[in-house]
Amino acid sequence: MISIPKKYERNIKRSYINPGVTLLIENFTKDFIFNFEVNISIHRKPELVPETLYKFIKICNSFEIFEIKDIKEVEEIADQSIEIRFPKKIKGVYVDYDTLLKEESFFIYKILKKADSLIGLVLTNILLDSAYMDSVFRTSKIILEKVYKPKTSIDEMIYAVMVGITGGFAGNFNRVILFREDEEFFKVQRAIGPADEVEAHRIYESFETLESNIIPYLNNYKIGKMFFSNLEEKIKDIKIIKEKFMKNKLLKSAISFNKTIKLPTSQLRSIYSRLF
Numbered sequence: 001m002i003s004i005p006k007k008y009e010r011n012i013k014r015s016y017i018n019p020g021v022t023l024l025i026e027n028f029t030k031d032f033i034f035n036f037e038v039n040i041s042i043h044r045k046p047e048l049v050p051e052t053l054y055k056f057i058k059i060c061n062s063f064e065i066f067e068i069k070d071i072k073e074v075e076e077i078a079d080q081s082i083e084i085r086f087p088k089k090i091k092g093v094y095v096d097y098d099t100l101l102k103e104e105s106f107f108i109y110k111i112l113k114k115a116d117s118l119i120g121l122v123l124t125n126i127l128l129d130s131a132y133m134d135s136v137f138r139t140s141k142i143i144l145e146k147v148y149k150p151k152t153s154i155d156e157m158i159y160a161v162m163v164g165i166t167g168g169f170a171g172n173f174n175r176v177i178l179f180r181e182d183e184e185f186f187k188v189q190r191a192i193g194p195a196d197e198v199e200a201h202r203i204y205e206s207f208e209t210l211e212s213n214i215i216p217y218l219n220n221y222k223i224g225k226m227f228f229s230n231l232e233e234k235i236k237d238i239k240i241i242k243e244k245f246m247k248n249k250l251l252k253s254a255i256s257f258n259k260t261i262k263l264p265t266s267q268l269r270s271i272y273s274r275l276f
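For what it's worth, my numbering labels the leading residue of the sequence shown as 1, then goes sequentially.
Hints are computed from structural coordinates only; laboratory data are not their basis.
Think of the CB as a built atom: it goes at the ideal place given N, C-alpha and C, for glycine as much as any other residue.
Do not rely on the hints blindly, as some may be mistaken.
Unchecked claim - Derived DEER-like restraints, expressed as beta-carbon distance ranges:
1) Gly224 / Glu64: 35 to 43 Å
2) Pro19 / Glu64: 14 to 22 Å
3) Arg138 / Ser270: 34 to 42 Å
4) Gly171 / Phe63: 41 to 49 Å
To be verified - With a cut-off of at most 25 Å between alpha-carbon atoms, the simulated SDA-like pairs for lysine to any residue come out as follows:
5) Lys187 / Met133
6) Lys30 / Ile2
7) Lys234 / Asn174
8) Lys91 / Glu75
9) Lys252 / Phe173
10) Lys244 / Ile143
11) Lys72 / Ile90
12) Lys244 / Gly224
13) Lys222 / Leu250
14) Lys114 / Ile240
15) Lys249 / Val176
16) Lys187 / Lys149
17) Lys113 / Pro19
18) Lys13 / Ser41
19) Lys259 / Lys72
20) Lys236 / Ile261
21) Lys102 / Gly120
22) Lys252 / Lys149
23) Lys55 / Gly120
24) Lys45 / Ile2
25) Lys149 / Leu250
26) Lys247 / Ser229
27) Lys89 / Lys149
28) Lys234 / Val198
29) Lys69 / Arg10
30) Lys247 / Ser270
31) Lys149 / Gly120
32) Lys252 / Val198
33) Lys222 / Arg190
34) Lys110 / Asp98
35) Lys55 / Gly20
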């Protein structure tokens, strides 16, 4: 990477990057194994350089994927620009002076608009994932506020967490089952989700609007409710023999180290047949 003239260093260091932009770029760079070549035209007087240009140079200094190939000092303010070149015949991006005068959000919008469809697709997916995480955090906040209320029972706490796991606004899992451990067995304590395929289709087809708020679902809790769902009523008496469970290395690892694991689909039938 070409060295930046020292007269610009102070302003580069002082420029503030929105943490959201940093997270966006961190995720973006994970999807590419090649570098992006950058050519910069910058005014010879540091005080006449747009803040967004300083921010971009700071980003280039922070992420190896951006390789500054050339920095050209210009006399005319309006001649300042950024050119990003992508390899493998991917369409590059040219950012003019007018865009550099805008906020970083508009800068990103312009890159999305001008970039090759592949670049735009990757950035769009990252933005969608970030929006999803925002929904998860908001839902988690509501659940925590609910469970920490003095009048909230242990059973209602369990219900709130399980609704968060299965709701489309957060975990979006089809089913969740809570087992209680004793000396010999893992016993089903609570479960939420459809009991069979017919009920699953009926539930999913009943959603006429988007699920965006967990509160109405939390308010469905009733004190003394025997079953959280038809699934729970169906499997309530199921017990898993602890000795058999611990013979599976993946399941034993999850219990021993208290960690989340992903079970390969190819092993599910085999695991099921050995446990029951």
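How the hints compare with the structure:
The hinted window of 35 to 43 Å between Gly224 and Glu64 is violated, with their beta carbons roughly 59 Å apart. In this structure the hint that Pro19 and Glu64 lie 14 to 22 Å apart at CB holds, the actual value being about 20 Å. Restraint check, Arg138 to Ser270: a C-beta distance of roughly 39 Å satisfies the suggested window 34 to 42 Å. For the pair Gly171 and Phe63, the supplied restraint of 41 to 49 Å is violated, since their beta-carbon distance comes to about 31 Å.
The suggested pairing of Lys187 with Met133 is violated, with an alpha-carbon distance near 32 Å, which exceeds 25 Å. Restraint check for Lys30 and Ile2: satisfied, since their Cα atoms lie roughly 23 Å apart, inside the 25 Å limit. Taking the CA atoms of Lys234 and Asn174, the gap is about 16 Å. The hint holds against a cut of 25 Å. Under the criterion of a C-alpha separation no larger than 25 Å, the hint pairing Lys91 with Glu75 is inconsistent with the structure, at around 28 Å.
For the hint linking Lys252 to Phe173, the alpha-carbon distance of about 23 Å falls within 25 Å, and the restraint holds. With a CA separation close to 34 Å, the supplied pair Lys244 and Ile143 exceeds the 25 Å bound. A C-alpha spacing of about 24 Å is found between Lys72 and Ile90, which places the hinted pair at or below 25 Å, so the restraint holds. At roughly 33 Å between alpha-carbon atoms, Lys244 and Gly224 are farther apart than 25 Å, so this suggested pair is violated.
Distance restraint check for Lys222 and Leu250: the Cα-Cα separation of roughly 36 Å exceeds the 25 Å cut-off, and the hinted pair is therefore not satisfied. Straight-line distance between C-alpha atoms of Lys114 and Ile240 comes to about 57 Å, which puts the hinted pair past the 25 Å bound. In summary, the hint linking Lys249 to Val176 is supported, as the alpha carbons are separated by about 22 Å, within the 25 Å threshold. About 28 Å separates the Cα atoms of Lys187 and Lys149, which puts this hinted pair outside 25 Å; it is violated.
Between Lys113 and Pro19, the direct Cα distance comes to roughly 22 Å. Compliance with the 25 Å bound is thereby established for this hinted pair. This hinted pair checks out: Lys13 and Ser41 have alpha carbons roughly 19 Å apart, not beyond 25 Å. At roughly 52 Å between alpha-carbon atoms, Lys259 and Lys72 are farther apart than 25 Å, so this suggested pair is violated. With a C-alpha separation of about 24 Å, the suggested pairing of Lys236 with Ile261 holds against the 25 Å cut-off.
Pair hint Lys102 plus Gly120 holds up; C-alpha atoms about 20 Å apart against a cutoff of 25 Å. A hinted pair counts as satisfied when its Cα atoms are at most 25 Å apart, and Lys252 with Lys149 does not qualify at roughly 35 Å. A hinted pair counts as satisfied when its Cα atoms are at most 25 Å apart, and Lys55 with Gly120 qualifies at roughly 21 Å. Between Lys45 and Ile2, the direct Cα distance comes to roughly 19 Å. Compliance with the 25 Å bound is thereby established for this hinted pair.
Taken as a hint, the Lys149 and Leu250 pair is broken in the structure, with Cα atoms around 36 Å apart against an allowance of 25 Å. Distance restraint check for Lys247 and Ser229: the Cα-Cα separation of roughly 30 Å exceeds the 25 Å cut-off, and the hinted pair is therefore not satisfied. Between Lys89 and Lys149 the CA atoms are separated by roughly 58 Å; this puts the pair beyond 25 Å, and the hint is violated. A distance of roughly 14 Å separates the Cα atoms of Lys234 and Val198; the hinted pair therefore holds under the 25 Å criterion.
For the given pair, Lys69 sits about 21 Å from Arg10 by alpha-carbon distance, which is consistent with the 25 Å threshold. With a CA separation close to 13 Å, the supplied pair Lys247 and Ser270 stays within the 25 Å bound. For the hint pairing Lys149 with Gly120, the CA-to-CA distance comes to about 44 Å; that exceeds 25 Å, so the pair is violated. For a cut-off of 25 Å, the pair hint linking Lys252 to Val198 is broken: about 33 Å separates their Cα positions.
In summary, the hint linking Lys222 to Arg190 is supported, as the alpha carbons are separated by about 14 Å, within the 25 Å threshold. Simply put, Lys110 and Asp98 have alpha-carbon atoms about 11 Å apart, close enough for the 25 Å limit, and the pair holds. Under the criterion of a C-alpha separation no larger than 25 Å, the hint pairing Lys55 with Gly20 is consistent with the structure, at around 13 Å.
Checked against the numbered hints above, the structure breaks hints 1, 4, 5, 8, 10, 12, 13, 14, 16, 19, 22, 25, 26, 27, 31, 32 and satisfies the rest.
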